[in-house]
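There are 2 protein chains.
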Amino acid sequence: MQLKFVFIGAGNLATHFSTALKNAGYPILQVYSRTNLSAAKLAHKLNSDYTTSTDTISKEADVYVIAIKDSAFHEVLPAIEFSDKLLVHCSGSMPLNELEKYSKNTGVVYPLQTFSKKRKVNFLEIPVFVEANSKKYEKKLVEIAQQVSNTVSVLSSEKRIYLHIAAVFACNFVNHFYTIASTILSTQNIPFEVLKPLISETAAKVQLMQPEDAQTGPAIRFDENIIAKHLNELKGIKDYDELYNSVSKSIFEHHQKKI
Amino acid sequence: MQLKFVFIGAGNLATHFSTALKNAGYPILQVYSRTNLSAAKLAHKLNSDYTTSTDTISKEADVYVIAIKDSAFHEVLPAIEFSDKLLVHCSGSMPLNELEKYSKNTGVVYPLQTFSKKRKVNFLEIPVFVEANSKKYEKKLVEIAQQVSNTVSVLSSEKRIYLHIAAVFACNFVNHFYTIASTILSTQNIPFEVLKPLISETAAKVQLMQPEDAQTGPAIRFDENIIAKHLNELKGIKDYDELYNSVSKSIFEHHQKKI
Chain Y
1 MQLKFVFIGA GNLATHFSTA LKNAGYPILQ VYSRTNLSAA KLAHKLNSDY TTSTDTISKE
61 ADVYVIAIKD SAFHEVLPAI EFSDKLLVHC SGSMPLNELE KYSKNTGVVY PLQTFSKKRK
121 VNFLEIPVFV EANSKKYEKK LVEIAQQVSN TVSVLSSEKR IYLHIAAVFA CNFVNHFYTI
181 ASTILSTQNI PFEVLKPLIS ETAAKVQLMQ PEDAQTGPAI RFDENIIAKH LNELKGIKDY
241 DELYNSVSKS IFEHHQKKI
Chain E
1 MQLKFVFIGA GNLATHFSTA LKNAGYPILQ VYSRTNLSAA KLAHKLNSDY TTSTDTISKE
61 ADVYVIAIKD SAFHEVLPAI EFSDKLLVHC SGSMPLNELE KYSKNTGVVY PLQTFSKKRK
121 VNFLEIPVFV EANSKKYEKK LVEIAQQVSN TVSVLSSEKR IYLHIAAVFA CNFVNHFYTI
181 ASTILSTQNI PFEVLKPLIS ETAAKVQLMQ PEDAQTGPAI RFDENIIAKH LNELKGIKDY
241 DELYNSVSKS IFEHHQKKI
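In the order they appear, the protein sequences are chains Y and E.
First residue of the first sequence: 1, per this note's numbering; consecutive thereafter.
First residue of the second sequence: 1, per this note's numbering; consecutive thereafter.
Chain Y extracted, bound-state conformation (with noise of 0.2 angstroms):
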């Protein structure tokens, strides 16, 4: 019998993370939500139940996964009774044994990817890291795991982390330097649409390269003629020069070894 769901939480990667089990066919029973109108979305598209009191939460469920912000736990997860439900968050950086006060049986499903509600993803291409504290609930969360992702690991806590910081650098922090430029062009009147090809070609390269060995620029030429230009245009724009500055020493201390 397929083993049956709340969500607690409703943001962007529970909304992918239960669309893509209830796609695999597993019953998604409520989603919990202290936002009335987040609940009601996700559990329509869901066709489940919704309530945005702790107190409703149903006990029919077999596993509850937590999808909401990491300073959230400890405000949600006390008033709910798990007993010893299969309790499972969806974490970078919170260790699998915050959870071991609420439920005896714990776990880890760790979707590797950058979610925003309105954007569709191919959920069997995003990495999954799985942990549970029994190797029972372990191989539970890897057949979990593989109903909806390719390329599904068994990943410890202290290891996660260093994967979510690199994700941080990866993701989060490219992003802002995209935001940043685009800041840029728009002092200028120049719209961002020109820079897509470069940025798009940018990731390419190290799908198929290393990273090391695809870098290009003023900073790992040690064109000091050019970064100084650089930072004397970017003085007084926000901490644009400071981040310049910074990134681009970064550059020349990692390449200088090897050039």
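Mixed in with the good hints, there may be bad ones.
A pair counts as met if it fits within one copy or between any two copies, since identical chains are not told apart.
Stated by the list, open to error - Simulated crosslink set (EDC-like; lysine to aspartate or glutamate; CA at most 16 angstroms straight-line):
(1) 249 <-> 84
(2) 196 <-> 212
(3) 136 <-> 62
(4) 118 <-> 213
(5) 249 <-> 223
(6) 238 <-> 75
(7) 4 <-> 143
(8) 136 <-> 233
(9) 69 <-> 223
(10) 22 <-> 49
(11) 139 <-> 70
(12) 229 <-> 70
(13) 117 <-> 213
(14) 229 <-> 98
(15) 238 <-> 253
Treat the hints as calculated values from the structure; they're not laboratory data.
Following the hints, put chain E in place on chain Y, whose structure we already have.
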């Protein structure tokens, strides 16, 4: 009659740009590089002559394309007699007027892309920015550029440097963050492979959304607990904790007005 070209430089940009021109039917008479191997390799590819001496640069071309490091311009160019031949550079941050002491007719063709010799690119998709010191040559350069690119614009030196700075953030700095992510993963024996879907999706999202709206992660959620954990794990790994801190702060500052 087709204009004939000489390329001064045989690096990544020279290789891709000269190949695109040749494929569009323009004869490339000669390649100059200080490095014999680079000159010979590119000349072989273009079926052209090559030289490593500024004394033997052909006088027969109509257009001389300078595709060398900005810092090498004033070492190489004074040794060559251009008279009134069209002299064109391809640099983002060098003003057009730096060429004026070497020829009466000067221009810029700046293709906005990251080039690695071994990697094929579709030049037609690359936005190309053109400038010249006369309307006549501006028109000519636009015509030439339109033979190799579908997106050709005229852009002043003053604006081009901002475009270059934006490209440094969106490509060079982004790629360095891929390198940092890869270095962090390697300390845990996790293959860089696992980040590839995330890197692709992060670049794909901003093809359709504004990068500001695509921002995810602990910094934009103001999740100080996760940020503190990450900074703690990064302590002592090169300059990564400093970079993490300054980029996170920059994300705070950019988005706090919007939330």
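Hint by hint, here is what the structure shows:
1. 249 <-> 84: Neither: 52 angstroms inside a copy, 41 angstroms across copies.
2. 196 <-> 212: Between copies only: 15 angstroms across chains, 22 angstroms inside a chain, cut-off 16 angstroms.
3. 136 <-> 62: Close inside one copy (14 angstroms), not across copies (75 angstroms); limit 16 angstroms.
4. 118 <-> 213: between (35 angstroms within a copy, 11 angstroms between copies)
5. 249 <-> 223: Classified as within; 12 angstroms inside a copy, 28 angstroms across copies.
6. 238 <-> 75: Neither: 36 angstroms inside a chain and 36 angstroms across chains, both beyond 16 angstroms.
7. 4 <-> 143: within (14 angstroms within a copy, 64 angstroms between copies)
8. 136 <-> 233: Cα proximity of residue 136 and residue 233: none, with 59 angstroms in one copy and 30 angstroms across.
9. 69 <-> 223: This pair counts as between: shortest inter-copy Cα distance 8 angstroms, intra-copy 43 angstroms.
10. 22 <-> 49: within (14 angstroms within a copy, 64 angstroms between copies)
11. 139 <-> 70: neither (25 angstroms within a copy, 58 angstroms between copies)
12. 229 <-> 70: between (42 angstroms within a copy, 12 angstroms between copies)
13. 117 <-> 213: Between copies only: 11 angstroms across chains, 34 angstroms inside a chain, cut-off 16 angstroms.
14. 229 <-> 98: Classified as between: cross-chain Cα gap 14 angstroms, same-chain 50 angstroms, threshold 16 angstroms.
15. 238 <-> 253: between (25 angstroms within a copy, 9 angstroms between copies)
Hint violations for this structure: numbers 1, 6, 8 and 11, all remaining hints satisfied.
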